[in-house]
Structure formats: structure tokens, C-alpha cells
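Student: Chains as they are written, first to last, in this note's numbering: chain A, 1 to 294; chain B, 295 to 604; chain C, 605 to 1309.
Errors might be hidden in some of the hints.
[As the list claims (entries may be wrong)] Only pairs whose alpha carbons sit at most 27 Å apart, straight line, appear in this in silico BS3-like list of lysine-lysine:
#1 C:Lys1234 with C:Lys813
#2 C:Lys722 with B:Lys514
#3 C:Lys1041 with C:Lys1085
#4 C:Lys1292 with C:Lys1261
#5 B:Lys514 with C:Lys737
#6 B:Lys514 with B:Lys378
#7 C:Lys1085 with C:Lys1095
#8 B:Lys417 with C:Lys722
#9 B:Lys514 with B:Lys554
[To be verified] Stretch-level coverage of chain B by chain A, calculated; a stretch enters the list once three of its residues show a Cβ under 8 Å from a Cβ in chain A:
#10 543 to 551
#11 578 to 589
Please keep in mind that the hints were generated in silico from the structure rather than gathered at the bench.
Glycine residues also receive a C-beta, built at the ideal position from the N, C-alpha and C atoms.
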Amino acid sequence: MTDIAAGVQRRESRIVRTLKGLALIRESVVGMIGLALVLFWVAMAAFANQIAPFPPNATLYPLAAPGEFVEGMGTFWLGTDHIGRDILSRIIHGSRQVLLYAPLATLCAYLVGIPMGLAAGYRRGATDGVLSFISNVILSFPVLVLYIIIIATIGASGANIVVAVTFASAPGIFRIVRGLVLDLRNREYVFAAETRGETPWRIMLVEILPNARGPLIVDACLRLGYVIITIGVLGFLGLGLPPPDPDWGGMINETRQMAMSFPHMTVFPGIAISSLVLGFNLLADGLREVSLRD
Amino acid sequence: MLIFMVRRFGTMVLTMVVVSLLLFLLLEINIGSVAIKVLGPYSSEEQRNIWLEANGYFEPFYIRYFSWLGNFITGDFGDSIRFKVPVGEILWPRLANTGILGLATMLVVIPLSLVLGVLAGMKEGSNLDRGISVGSIVTTSIPEFASAPLLSAIFVFYLDWLPGTSSMASGFSLVQLVLPAMVLVLYDFGYVTRMTRASMAEVMMTHYIRTAVLKGLPYKTVITRHALRNALIAPFTVIMLQINWLLSGVIVVEFFFAYKGFGALLLEASLTKDIFMIEACAMVAVFVAVATQTIADVGYTYLNPRIRFA
Amino acid sequence: MNTKADYDGPILECRNLSISYFTRAGEIPAVVDFNLTLEQGGSVGLVGESGCGKSTVAMAIMQYMGSNGGIVGGQVIYKGRDLATCSEEELRQLRGNEISMVYQEPMASLNPSITLGKQLMEVPLCHENISEKEAYGRAVQILADVNLPDPERVMASYPHQISGGQQQRVVIAMALLSNPSLLLLDEPTTALDVTVEAGIVELIGDIAKKFNTSMVYISHNLGLILATCDRVNVMYSGVVVENGSVDEVFDHMRHPYTKGLFSCIPLPGTDKMAHPLVPIRGQLPLPHERPPGCYFGPRCDFFQEGRCDKAGERGTIDMRDVDDRPGHVVRCERWNEIDWENYRPEGVTSYPLQAGEEVLSIDNMRKYYELNDNSIAAMISGKRVRYVKANERISFNAHEGETIAIVGESGCGKSTFAKVLMGLETATDGDVVFNGKDVSELPVQQRSPEQVGSMQMVFQNPFDTLNPSHAVGSQLARVIKKFGVESDKHKIEQRVMELLDLVKLPRDFARRRPRQLSGGQKQRVGIARAFAGNPAMVVADEPVSALDVSVQAAITGLLMDIQHTYRTTLLFISHDLSLVRYLADRVVVMYLGQIMEQGTTDEVFAPPYHPYTEALLSAVPIADTSIKKKRIILEGNLPSVMSPPKGCPFNTRCPRKIGSICETEVPPFVEAGPGHVIMCHIPMEELKSVEPVIVQVDKDRPAAE
Ligand SMILES: Nc1ncnc2c1ncn2[C@@H]1O[C@H](COP(=O)(O)OP(=O)(O)OP(=O)(O)O)[C@@H](O)[C@H]1O
Ligand code: SF4
Ligand code: SF4
Ligand SMILES: [Mg+2]
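Take the sequences, apply the hints, and build the full model.
Tutor: Structural data, given as C-alpha cells:
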């Protein structure tokens, strides 16, 4: 076998291994339900154009009740809103926004939080002091208020939401990573790496980080759920993505005045977002359960 | 103890300074737009400049910051741009309202989630445990802005039991408090329940519980005397931190139910760039955060003899 | 409670007991066909390696199997009553009252947030109808009975406020409070230091006499069984392989596993050449991977196809009576065929010392830690900086090819010393000259790759020593590259293979993950890693103490072979004096960060002793009926390194303390011979006249062959 082939094989096996680890989720009923919910919404987002019965922003027939059939248009399974847009189609298209920005924002938050946590947990001392103080300052402030102020100031757009989420979630990730590292840094294989004179960053990234992946994956699922809620809240407060593109929180905001008389306008988007968040929460729970087993 | 408190107080002051400075900086972006918010979108450029000039907005940033800081220390929080009255006049009543809402929520959340959590954690893996765990995951997955319309639809639209808004326009009314508190409880109890469950389940696995059982103590004694004491240390901290968390939910709920509280005020202030109001609200928030954190730490130390008598 | 008195059959019987755990992977038969009879006042030992099912048996006797365990066959009979037929309430009456238990980890078994007094008083309050006051009196009395000083203070303390040894005494006191008929002790001393262990073992012996309690004593240490029991069950992989009186089993063992176990544990008394260590090959089978027939088959030198792999009706080989020895049973098909006289297995080779030139020289090294206590309690009390004198006045040197053992109990500064050597910490004062260069203030980052590669370390915990995220081969390759031994990819791979050969592991292990290796195999990889850079010196920090007994000898042997081949200097850190006797050329005895005594192995193991060395030697449990030991039980606790005693560090526990000079003046280093140094005020003449601690007594029969 050539070296390259050996290298490739090794790399493949690592990916396969992680996937195999994750595939253990099938042993948890709860986790499987969560996964199904998440995959359901991913499919909705991917094939929104094919699945949605109507264009999301077209004004068709105002105030249709759920299941109402309108001659010449078809059935509005979930009804229409006050200006006549089909709620089902808007929900389906709305999943695209959420499933684009929530993972993106979470990823960015991890990219910031992980190196900070690694550095603080591994080096401790002054590095830890400064980084911990910064994150405590941010965390001592209610996150939502932070979002509102940031978004109200820099304006609502996809990119700004990503920035706001990164800023507000990175400290939480920092704390988790730091805690994990404080534990892992006392393992003998870390001492072994130190006694052979490895550089600190190599120790953090190669020796420590891979062993923290289990709890971090679980945390990422929970955090995704929370970010989805946050994006929804921003939409609900009128700080979400600019209309008319559908956004679940925004849909509730636009119709909340009518919530009492036409509950379907607010209840269905609410169910949509809850089910997606539930999916991630159940997935996290399932992953934690299987990871604790062995 | 004194040293500890002094240190904590120092941290709080430092955090407040940093936060207020950051907020000032953040609001500095696009500062001119404040005039638009105040004078309306149809005001002329000239009018806006006059207003900005008159209110000192052309002074350098640091001068404005320090003059605010000086005033703040002496107890003068400045005037609200939007309400055109001193900040305090608006802030304190609003804060009291939110306090009532928060208290009502916590009064339900704490006993409910402790009981459920302990029941679930007592026998890990039992049907009761599964039910409570899944139930609490489901409720924490429903954000307040989704449950608020849903609960309103049920209790206001279909059942007509409760009022749909909670503005308390004609004085304080307990019925108006029910829906907002219910929404908050629904979202918040799950988290505390799960933390309690985890803590209880962990304690039940320890060797000292095994010792207690094998001493021949009745099961009830094992739970009440040996398990609870240790299992409730962690939830205590969680509950304290939860108070800080509650604020996010409060904003949504107050907004939805038009409840005149601190959250709604903060939201309005942010949207209108009411800078002194924002600063004052932020300082309150930081104070609450650090205070609950301190109580959590002191309580943890007190509850845990291992630390108390180290 | 009259049942306690008027029954005179056997206290406890287990009949064909089989216990399983039910996991997702299926049923795990943890214990198969277990039989035991315990007469009143008797004491029976269960001995075996980790995972052989000892604790499972104890829990089954208690009828407390957790959520996934269950008794799948057989009976536990206590005073004639089948415990399986007892109701939960009846069991509750028995537990803590008639049957009580002492656990392995005293700290974990005591509730951290309830005072010890309350935890003790609970027992009589719940089982007997007495007042709080009486209960208090009883608790104080029993604490005095287990030799705890100042019982009243102990009663008011929380568990973390007393030492590990005291905690275990409290647990024992708790178990004795209701004067039980049966006491189960599950490794009661494993978590303790050897001098503390000696005290607990003595206490257990006294209790058996004083209270006439029957005991089941569980241990992995044959020496402790000898000290405490009159009968013994040797367990292997879920079955009892041999059962008999202690003398029978220790002197006339029949089962190849028992034999192997005795040959692979080091005995400090004998000459190392006369009783070579013989490793048992292979490793323990997992419960669901046991071979058909005899579970020991794959590791047994007498395995015979067609007989040993045929199971009896219980799933394994049946028990046989040893004909002429009543009460001695053995689970081996060939027990009476084996010719032990002419059985000469290959032992671990001991090499005579051929020291070369000086490699390491340490002169008056000190290491103080400055502790910033950030806990809230410390902040509240305002005491935030403390000094820990982890190493004080350390001086010795080491030569090429030499093995130096550093011996001492927990907290004596062994690991700190290793860290200073490796450059993970820098010395506070003094010189550490390695290969001619002072490295005492050179952290590892500032050492040259060559310096780093020539001093490497083998770690203690096999489960921690390899990074679980990387394949074995790539971890070794990294070391080779890092030390600049090779840089070409092919050559690195070649070298990885050589290293695996060196530690006698199959080459395809390079692809494996640490998770797929057993503890011993991981430790072999750890050794390969240490030797990757052709080191001049290897520091081994308790390299075998976390391994199964039957694997320890093999790893020790391997380490010595490699060291001999490369003429490496080996610094062997250990708490196990027996092992040290086998492999060290010189011994350094440490206590509370200071060297008490150093000299060649023979010098240290014979008078003149430092009083601490003497106590240490006397505390080592020895699994040999032909050895007599002087009994020296140390009083008091190991002082904390945070506040070490003034004068001689050992003065708080020293049985030979000569007066106030020990408390005020630091003793001098006195030469007992060239290179044999003792730090004590006692005049050398007096020390020289001390009797040896360990003596071989001539029994009428030869000692264990
Ligand atoms: N709760 C459990 N679930 C599944 N398997 C278990 C459980 N407890 C123990 N086992 C398995 O049963 C076997 C016997 O375990 P046990 O704890 O009785 O061994 P032991 O002899 O006491 O070991 P040690 O010396 O390590 O204390 C082991 O293989 C262990 O892995
Ligand atoms: S039965 Fe056979 S394999 Fe088992 S111990 Fe005896 S001789 Fe060895
Ligand atoms: S100096 Fe005194 S206390 Fe120390 S070992 Fe010698 S006799 Fe004992
Ligand atoms: Mg055990």
C-alpha cells in the first residue's frame, strides 16, 4: 500500500468512525423521533418549491379558515392570513430561513467560542482570567436584550443575525469548552504530549479537542434549538428578516393582533417552530443518552 | 465573607462600567438617527441638527459618557428621550410590575419543578421518569411567542375564561396576571425540572445512598434524609440563574400581552434608542444578574459542608 | 432480635449461585455456580482479579443488585432462611442489623452533607427501639472501639474533615453498631495507603475476636487474605476455581491459576533469584467472551483439548474434591495429574547491575508550590496563598543501566519529583544535572528535542495514557517524528513496527484505537512510546499499579528486558515495596517530600532501617505462610504537606521517636555505609542493632514451591 493510500484510508476511517458513533442514535427512541423531526424540516426546506401548494408571498384569498376549499385556487389546508397568503406555503418556505441562518450562526459561535475555551482552559492563569471576565460580562446581561440592542442598532438582516448570535452565544460555548478542557488537560496523554515538548496549540487542537467532541455535539443540538427560538423571537418582536419573505416568528408578529379571532394564523407557525426546536432537543437528549452508555 | 462581598461588589461595578460603555459605543453607531426617532421621519435635517446640538449629541463621545456616568453615580439617571420625563419615574413602577410577574412565575416553577424533578430522578428509567423527562423537553421546546398565542386562543377565544391583554389599565388585576405567568411557567419549568432530575439521579447512584439502603433504613428515610439534601444543591444554583434568564421571556410575554413591565420598557427603549433609559435598564439587569449569582454562590457554599468547612 | 443468639448452623450459605447483569448487549453472566459455607465466627476470603465477580457476590448476599442485575440461579441462605423469599421489609430488618457491609471507598460511602454522628446514630435508631441519647452513647462507644481518638469530635465532623483511614474506621464502626452476625468487607483497604491499611487490617482481626462476628473478606491481595481469613475462595472470571483453608490453598494449591497467581506476585522476603516472578500469559476474558469449558484454558500451560474445553452441566468445568484433603475443592480437570515438581515456567529475568557512568545527579533540589486558593471559603476567610513544600532537600544520582526505585505513600512528592525532572515544572532551588547539563530551571519547551527525547516517561493509568481519539500507530509515529528519530514516512512506519515488536504486540495493533486494547496492552504501547526516542533515562510512575495482578508481572518483565537491552537508566516510582525489591538496584524512600533513606536495595531492606522504612516494610502484606513479620502499626494520620511537622517530618507517627529533639531539629543525613544514607537522630549503632522486619521461618515443609 502506498503512503497516500494509507493516508486516505486513515482519514476515511476517522469520518466513518464519527458517523458510526452518531449512528448509535438509532438505539434511542427519543433520539430517533428528534432526528425524524429535524429531517422532516430539512426536506421541507430543500424541496420547498416542489412541496408548497402556493407561492409564499402571493395574496390569494384573505382570512380563509384551515381546510377551506376555494373555487379556482384549491384547498388552503392551514388557512390564509389577513392579506390572503397561504399559511402552509409560508410555513414551508419559512423553514428555509431558519435552517439557513440558525446553523450558520451556531457554527460561527462555535468557531469563536472553541478557541477561546481551549486557550482559557489549557493555559489558565491570566488568559483564563481575561477571557472569563469578558464572557461573564456578556453573560451577565440577558441575551435577548443583547440581541435586541444589537439588531435594533445595526439593523435586521441575515448577516447581522449571525453576528448577534455569535456575539451572544460564544461566551456560553466558551464556558462549556473551558470546563471540558480543565478536565481533559489532566489526562496522562496530555502530560505525555507535554513531556515530548508539543506546542500548546497542537496539544489543544490535536490532543484535547477531539476528546471533547461528544459533549460538544450534544451542546450544539441544544444550542441550535435555542438559536432557532432566538431568531423566532427577533422576528416576533419585528426585528427579524425584513418582510415579505416568510419567517416563522415574523408570521406570528404580523398576525398577533388577530390571534384572538383567527388563532390559526399564529398557532400553526408556532407549532412549526416548536416542532423543529423539539426535534433538536430530542436529538440532543438521545445523543447524550447513547453517549453515556459506554 | 466581607472580602468575598467586597470582591463581588467590585466585579459588579466593573461589569456595570464595561456594559454601560459597550452600550454607549454600540448606540454610537448611527447616533444621528436618534433625532429621527424623536422628531419623526418628516423632520428636516436642520431641525434634527438643532435638536442634536441642544441635547449635547455633538459633544465628543467620552464627554457624554462621563457626564452620564457622573450623573448616574449621584442617582440621576437622566431623562428619557421618549417619555420626556426622568428615567426613574418610568423605570421603578415598571420594574415593580415585572417583579410581580416574575414572583408569580417562580412561585409556581420552583415547587413544581423540584417535585417533578425529584420524582423523575428517584427511579431513573422508570415510566414516570420517562414521562416527566419527555414532557419537560416538549414544553421547553415551545417558545413563549408560540405558546402565548396558543394559550390565548384556548383560554380567551374558545373558553373565554381569561382576558386577552394584561395592561392592567384599571388597576392591578390578578386574572390578568394568569396568562402571562402561565406562558412563562410553561417554558421555564422544564429546564429546572431536568436539572433537578439529573442531580437527583446522580445522587441516587452514589455509594452513600447504597450505604444508606444497606444500613436498613426505610426507603422514605433514604430519600428524605440522605438524597434530597444533596440533590437539591444543584437546582438551587440553577433556580438562581434562572431568574436572570426569565427576563428574556418577560420581554416577549409583556410585549404580547401589553403588560406594562420592565421587559416591554426595555424593548421600547431599544427600538427608540432611548439611550438613558437603555442604560438604566441595563444597569438594573446587570445588578440582578450579579446579585442572583452571588446569592447562588453563597447559598451553594452554605448548603455544601464540604466547602463550608474546607 | 433473639434470632441473633439461638441459631447454630452455618451463618451463610450460597448454593450454586449464579448472578447476571442484563445490558443492551444481552445477559452478562458475572458469577457462575458459586458455593460458600460460612460457619459462625468464621472468616472466609474471596480473592481474585478485577472484574471476577467478587463485589457481585457481596451485593447478591445483600440482595441489592441494582436495576440491571439479578440472581438467575441458586440460593443465598442466611441462618437457614432463603433470602430470595424475604420481603423488602424483612430484608430491611436484616440489613445493617444482622448483615452489614464495609465498602471499598470510605469517602464515597459516607454522606457528605450529614455529620458522622447522625449517620452513625441512624443505625440503632432505625433497628432498635432506643432513645437518641442511648444511640449517641453507643456511637461514641463504638468509635472508641475502632480506636478513633476523640470520638466526640468525630461525631460532630463531616466526612471530608477526617482522613481516609479514619473514614474507613467510621464505616467499620457503623457496620458494627448493631452487633451484626455477618460482616461483609469489600476491599476495605484498597483505597488506603499501606501503613494505614496495616492499622485497618489489625482492627478487623481484633473485631473478629472481640465481637465473634463472621466475616466475608473480599480482596485482590492474597497477603491480606492470609492476614485476615481462615478459608479462602480463589475466583477467576466469575467462578471459584479453588476453595479451601488458607493454609491448604497457600501451601498446597492445585489449580494452575492459583499457582500462577502466587508465582506472579512479588514477595519482599525471599531472595529474588530464588522466587522468580512468573507472568501468566494472555489476559482476562470478558464475561461474554469466556471460552467453552475451563475459563482459564487459553492461559493455562496444561490445557488439554477434548477435556479442558468440555463444559459440565453448569456451563464450565465442575468442582472436584481434592481426595486426601477434606474441604479443599478445585475446579480443574487435571488437578491430580499435573507434575508441579518438574514444571519450570519461564520467569522474569533479573539482571545483575552493571552501572555505567553518571546520567543524572540531583543536588539539594526543592520544589515549593504556591497555592492560590480560589474557593469561596478561602476568599471568605481571607487565606488565599499557601505554600506546599512538595519536594525538600532531594539529593541523589543515577547511573547508566541502573534502576532506582522511589518509594513512598501518597502525597510524599513522588509525582512532583517526576514532573520537575521532565520539565513540566521547574525546581524552586537546587540542581538537576542530566547528561551533564543543569535542567532544573529548563521547562520542557526550552529543552532541545534531543534532551526531551532522551528522558521520557511511562504513566500510571493505562486508561488515560493513550489518547482515545487517535490510532496507536499514529501516536507512536508522532513521537518518532517529534524526537527527530526519523523523518521519512516509510522509515517512521518501519520504526513503529519495530517498537510494537519490542513490546511484543502484534503489528496490526498500529491501526487499532486505544479503546480496543486491554489495560496491559495499552501499558505496552505506553512503554513503546517512552522508548521511541532511544532515551537515556525513563521515568516510570507506578507503571503497573493499575493493572491486574496477573498482568503486572509481564509488564514489569518487559520493562526490565527493554531497559537491560538499551542500558537505559530507569527511575521506578512505586508504593509497592515487594515489587521494588525485585527490580531495583537502589531505593530512595520518601516521606512528606523528603528523602528518609537511600541505599542499595539490600541495604534498605535490611537493618539499619530508618524507622519509617521499618514501618513501611512491616506494613506490606505478604502472601507467604513461611514468612514472619514484625508488627509495627503507625499511629495517627499522614500529615498534610500543607502543614508538615517541624523538625523530623516523621515525628508525629514515629514509633521510635527519641524525644523533643525530633520535634525541633531537622535530623542530619547519616551514612550507614557508603551511599546508604539515613535521616534520623537515632545514633547509628542503635539503628544497626534493630532486628530485621521480615524473617523466613523454617516450617517443617518447604515454603511455597
Ligand atoms: N451494573 C452492571 N452492569 C453490567 N455489568 C456489570 C455490572 N456490574 C458489574 N458488571 C460486570 O460483572 C463482572 C463482575 O463485576 P464485579 O464488580 O463483581 O467484579 P469485582 O471482582 O468486584 O472487581 P473489582 O476487583 O474491580 O472490584 C464484571 O465483568 C463487570 O464488568
Ligand atoms: S481444566 Fe485444564 S485448562 Fe483448566 S486449569 Fe485445569 S488443566 Fe488448565
Ligand atoms: S528523627 Fe526522631 S522522629 Fe524522626 S525518624 Fe528519627 S527517631 Fe523518628
Ligand atoms: Mg469490586
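Student: Against the earlier hints, flag every one the structure doesn't satisfy and list their numbers going up.
Tutor: As far as the earlier hints go, 6, 9 are violated by this structure, in ascending order.
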